[in-house]
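Guided by the hints, dock chains X and H onto chain W, whose structure is given.
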Amino acid sequence: MINKSLKQLGAMLQAKEISSVELTQEYLNRIDRLNPEINAFITLDKDKTLAQAKNADAMLAAGKASAMTGLPIAQKDIFVAKGWRTTCGSKMLETFIGPYDADIIERFDSVGAVNLGKTNMDEFAMGSSNETSYFGKVQNPWDRSRVPGGSSGGSAAAVAARLCAAATGTDTGGSIRQPASLCGLSGLKPTYGLASRFGMIAFASSLDQSGPMAKSCEDMALMMNVITGFDKRDSTSLNREKEDYTRDLNKPLAGLKVGLPKEYFAEGLGADVATVVQEAIAEYKKLGAEIVDISLPNTMLSIPVYYVLAPAEASSNLSRFDGVRYGHRAKEYGDLMDMYCKSRAEGFGAEVKRRILIGTYVLSAGYYDAYYLKAQQIRRLIAQDFENAFKKCDIIMGPTAPSTAFKAGEKADDPVSMYLQDIYTIAVNLAGLPGMSIPAGFAQSADGKKLPVGLQIIGNYFDEARMLNAGHAYQQVTDWHIQMPEGIE
Amino acid sequence: MSLNSADIKRIAHLARIEVSDAEADATLTKLTGILGLIEQMQAVDTTGIVPMSHSQDVTQRLRDDVVTETNQRELFQSIAPAVEDGLYLVPKVIE
Amino acid sequence: MEWEVVIGLETHTQLQTKTKIFSGASTEFGSEPNTQACVVSLALPGVLPVLNREAVKCAIKFGLAVNAEIAARSVFARKNYFYPDLPKGYQISQYELPVVGKGSMKIQVGTGDKAYEKVINITRAHLEEDAGKSVHGAQEGMSGIDLNRAGTPLLEIVTEPDMRSAAEAVAYAKKLHDLVQWIGICDGNMQEGSFRCDVNVSVRPKGSDKLGTRREIKNLNSFKFMQQAIEYETQWQIETLEDGGTIQQATVLFNPDSGETRAMRSKEEANDYRYFPDPDLLPLAISENDINTVKTEMPELPEAMKARFEAQYGLAHYDANALTSSRATADYFVATVDTDCDAKLAANWVMGSVSAKLNADDKEISESPISPSALASLIKRIQDGTISNNAAKQVFEAMWAGEGDADSIIESKGLKQVSDTGAIEAIVDEVLAANAAMVEEFKAGKEKAFNALVGQAMKASKGKANPAQVNEILKKKLGA
Chain W
170 MINKSLKQLG AMLQAKEISS VELTQEYLNR IDRLNPEINA FITLDKDKTL AQAKNADAML
230 AAGKASAMTG LPIAQKDIFV AKGWRTTCGS KMLETFIGPY DADIIERFDS VGAVNLGKTN
290 MDEFAMGSSN ETSYFGKVQN PWDRSRVPGG SSGGSAAAVA ARLCAAATGT DTGGSIRQPA
350 SLCGLSGLKP TYGLASRFGM IAFASSLDQS GPMAKSCEDM ALMMNVITGF DKRDSTSLNR
410 EKEDYTRDLN KPLAGLKVGL PKEYFAEGLG ADVATVVQEA IAEYKKLGAE IVDISLPNTM
470 LSIPVYYVLA PAEASSNLSR FDGVRYGHRA KEYGDLMDMY CKSRAEGFGA EVKRRILIGT
530 YVLSAGYYDA YYLKAQQIRR LIAQDFENAF KKCDIIMGPT APSTAFKAGE KADDPVSMYL
590 QDIYTIAVNL AGLPGMSIPA GFAQSADGKK LPVGLQIIGN YFDEARMLNA GHAYQQVTDW
650 HIQMPEGIE
Chain X
44 MSLNSADIKR IAHLARIEVS DAEADATLTK LTGILGLIEQ MQAVDTTGIV PMSHSQDVTQ
104 RLRDDVVTET NQRELFQSIA PAVEDGLYLV PKVIE
Chain H
-8 MEWEVVIGLE THTQLQTKTK IFSGASTEFG SEPNTQACVV SLALPGVLPV LNREAVKCAI
52 KFGLAVNAEI AARSVFARKN YFYPDLPKGY QISQYELPVV GKGSMKIQVG TGDKAYEKVI
112 NITRAHLEED AGKSVHGAQE GMSGIDLNRA GTPLLEIVTE PDMRSAAEAV AYAKKLHDLV
172 QWIGICDGNM QEGSFRCDVN VSVRPKGSDK LGTRREIKNL NSFKFMQQAI EYETQWQIET
232 LEDGGTIQQA TVLFNPDSGE TRAMRSKEEA NDYRYFPDPD LLPLAISEND INTVKTEMPE
292 LPEAMKARFE AQYGLAHYDA NALTSSRATA DYFVATVDTD CDAKLAANWV MGSVSAKLNA
352 DDKEISESPI SPSALASLIK RIQDGTISNN AAKQVFEAMW AGEGDADSII ESKGLKQVSD
412 TGAIEAIVDE VLAANAAMVE EFKAGKEKAF NALVGQAMKA SKGKANPAQV NEILKKKLGA
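Taken in sequence, the protein lines are chains W, X and H.
When you read off a place in the first sequence, starting at 1, and then add 169, the result is the number in this note's numbering.
When you read off a place in the second sequence, starting at 1, and then add 43, the result is the number in this note's numbering.
Residue numbers are given in this note's numbering: position 155 of the third sequence equals residue 146, and the series is strictly consecutive.
Don't read these hints as lab results, they were simulated from the structure.
Hints may be right or wrong, so weigh each one.
As the list claims (entries may be wrong) - Pairwise CB distance ranges, derived in the manner of DEER restraints: (1) TYR537/W to ALA295/H: 39 to 45 Å; (2) GLN99/X to LYS560/W: 14 to 20 Å; (3) GLU117/X to ALA615/W: 57 to 63 Å; (4) ARG53/X to ALA295/H: 51 to 57 Å; (5) GLU459/W to VAL110/X: 39 to 45 Å; (6) ASP107/X to ALA295/H: 50 to 56 Å; (7) ASN58/H to ASP107/X: 52 to 58 Å; (8) SER48/X to GLY101/H: 41 to 47 Å; (9) MET255/H to LYS560/W: 54 to 60 Å; (10) PRO94/X to SER357/H: 37 to 43 Å; (11) LYS165/H to ALA86/X: 55 to 61 Å.
Claimed, not checked - Simulated coverage check for chain W against chain X, where a stretch passes if three residues somewhere in it have a Cβ under 8 Å from a Cβ of chain X: (12) 264 to 278; (13) 358 to 370; (14) 519 to 532; (15) 584 to 593.
All values derive from a computational prediction rather than experimental measurement.
For each residue, glycine too, the CB sits at the ideal point set by N, CA and C.
Bound-form chain W, shown alone:
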């Protein structure tokens, strides 16, 4: 049962073959058993979770259920949830109990989904390995010595280890897609502005976007129907008509023009990853897709641009953590200045501090034009690359990450090599486009472990339904997405 999709579980709930309480308890039991090692969850609250499940059962009994009612979903600990501890992976918020609900939490609540718990993440979503979390590393269920990716590493590991039916994530530079790739699941970052940022603890406001992490594209379509939608509390939320993301799932792919950016297959891409991705593309040809060569010439610039914009915005976004109204305050301090400096030095981890310092530096007097403004200008060039590419193709495919999951600790001391993990994903955030990663097969590690490889699918603005269609068609003819790691029974 643990490998069943949201859709299948939903059908069982509707048919009263199982209750939400039973299903939820099953996952809670698995979490009890496996989480102490995998460490995918930071916070659990069984009473709250089971109360929600009971509520869902009542909705089901009353015939008021919708597609997501009663399904246990894990929530990334970046979303503020009322009454739930919300840490964002930081000591700064170790004791912070959410006093209100994020938009995404409200949306899942309103359809009767069950909040299974808050998942681990890189501190303030800054990282690509989940090693910066104050609450400890997360294991990759496919090889426990390896990282699950980040920053939504806890959500990815939870789905991969079947500790939940699906999870939410956020993606600022690849934080949904890269861990999805490394853990062998499907993850989607929507077009910027489709999902509300209200209640999502901000990292880089102009790039942050939440999205689903699930076993299949079909499940992601169901979740997208919940997650997206206009929110008047977020000024950057787009006021568009609600879409049904399941509508095009079964469209044939014949004639679909798939663009392959040459820069995504150049130096830096691991050979094992390249092989798997090429095989996946061959499968798309069989499905009737037409392959076109395209170029995204400014791809390499996306990393420097990102490492100006994201830290700049973050340095400002994280100023509110000052130990005055909530969050960590140093035990001992002298004057006000000392309280600030000590509380923040103690509350933030090394990577977060590094990014705050970079952001502070690039915004400081005399540097704004050379860094922030310049980065915003190149950002437009990067977006224009995609605009040109989409004149030649319908969707873009390539690798999600340059390598499979790496060993814990391998890159922890080398920020620059860690940042290169996001080389194929960052440009999508900068352009505000939707991007998705789906399991495309496995590479073998030296010690014979199966390591998942993700295929990235990038769509034009608001083309999520088409991307899900492409992913779903592939998942009808492959079984990568339903394979499970060993040792999670």
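Then chains X and H, alone, in the frame of chain W:
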């Protein structure tokens, strides 16, 4: 553009993060690497390019001037490090 | 050496909205601490700003009132600094692209012969959020933070360094204070901090066109203090320079008790605000249409009203000026003349007796016990000759004291003037008969005797005779 430890200290002070001398030195190495990466941007000619801050050409939506918030002081202050008589307490603010 | 002082003002006006600039929390003054601090005011993690339409409307109104450019597209930026009353660690303000651009305002400085007019140029006006307040003495060595005010909308109005004396600065500040209330965007309450001025002061040798180093006097919330602070600061700077010292750029506070200014300790370190466009907010677009809509809601502005009073009612420039000194005075005057009473008489009454009484009772014109229509009915009785000017003063006093309307007071006090020709002729005859000597004097060419005879006739009528009629009849009888 090369940083030194004093720069790190100055930036850290602006960001209100205490750093020891040893931390400043360690941070310097890493930040220098990252700034080297960032420096690649300078090779690009961006003359006349309009900076991009949102992917869609949208403008600010406005909110009606209607009170929607109620007093939740008790809840909000239950997570505060130090309060007294409804005020958040901090070391004396000097003007 | 002769010195010249150069002054520019930055004024923070709290806008009269019901809610905060970026959230739906109330802006009401004087509530219990932190009871109006919502999730956004507290900068809880994950919350976002949404701009208040009314605040934008206020900015447009101000732009229209000072003939300024209103930006079709303006941008909100973050001003980053740490302070406990600034919950986000940044203030949302406008930096490179403010909502209101260059404009100007005409001010009147001084009184009497020395009075002159001057145009003060407005550099810009931008929308931003107010900070909270620090309360001292809650606990030894601690400050208490109240965030009720955090997020209250402000329009910061910045002038060019156009003023050359404390008097000019105060005249500008007063004029601006009148204007923002006139157009209804600010309640002008200076005690509550709704209108606060930062004054930039520098001095230079007279004739120099180079600006000296300025010091900024922060947060002046009374015109009296502003005058004192600028005078002290100017003198201090001149003395410092004359003693061979130099002026360091600084932010200073004025101490009303000592009458001195002193540099703020907390602002000693150089500020580096790291401005950048707020990614949580989108560019603010204002269309011609938006501006036109606001235009239709704009009251007639003081300058236009002044010109109209002069043209339509034939009022003197000085009178028109005085009557448009505040919206309330102007409204009172307009409501009075709207009842078709004589405008010049109305102007005299409003600026004379009404104003004197209000001053004596320390009342605002909106609190006047005599309503505009009541005043008009009194004026009409003067116009139609029912009462004399002297009697009118008595009626006014009684009306002020709440004794009733003009007609009933005239009646009860028997102040109606006698305009019956026959009755007046009888009185005049009596007076002529009783004062033969005076008549002789008049006939002998002593003009003064005529006035004395008028006085006698008025006295005989107990002041009720219509003086014009007395004059006329007397002249006729004396064959003058």
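Outcome of the hint check:
Roughly 43 Å separates the CB atoms of TYR537/W and ALA295/H, a value that falls within the hinted 39 to 45 Å. Under the hint 14 to 20 Å, the C-beta atoms of GLN99/X and LYS560/W, about 19 Å apart, fit the expected range. As the Cβ distance of GLU117/X to ALA615/W is approximately 58 Å, the hint placing it in 57 to 63 Å holds. A beta carbon spacing of about 54 Å between ARG53/X and ALA295/H agrees with the range 51 to 57 Å that was offered as a hint.
Between GLU459/W and VAL110/X the beta carbons are some 57 Å apart, a value that contradicts the proposed interval 39 to 45 Å. The beta-carbon spacing between ASP107/X and ALA295/H, approximately 31 Å, falls outside the hinted interval of 50 to 56 Å. Range check, ASN58/H to ASP107/X: about 29 Å between beta-carbon atoms, so the 52 to 58 Å window is missed. A hinted range of 41 to 47 Å for the beta carbons of SER48/X and GLY101/H is inconsistent with their spacing of about 59 Å.
Separated by about 58 Å at the C-beta atoms, MET255/H and LYS560/W satisfy the suggested range of 54 to 60 Å. For PRO94/X and SER357/H, the hinted distance range of 37 to 43 Å is not satisfied, since their beta carbons lie about 50 Å from each other. Against the hinted window of 55 to 61 Å, the Cβ-Cβ separation of LYS165/H and ALA86/X comes to about 56 Å, which satisfies the hint. Counting residues of the region 264 to 278 of chain W whose beta carbon lies closer than 8 Å to any beta carbon of chain X gives 4, which meets the minimum of three for the stated coverage.
Requiring three or more residues with a Cβ within less than 8 Å of a Cβ of chain X, the coverage given for the region 358 to 370 of chain W holds, as 3 such residues are present. For the region 519 to 532 of chain W, the stated coverage by chain X is satisfied: 8 residues place a CB nearer than 8 Å to a CB of that chain, which reaches the threshold of 3. Judged by the Cβ-Cβ criterion of 8 Å, the region 584 to 593 of chain W is covered by chain X as claimed, because 3 of its residues qualify and three suffice.
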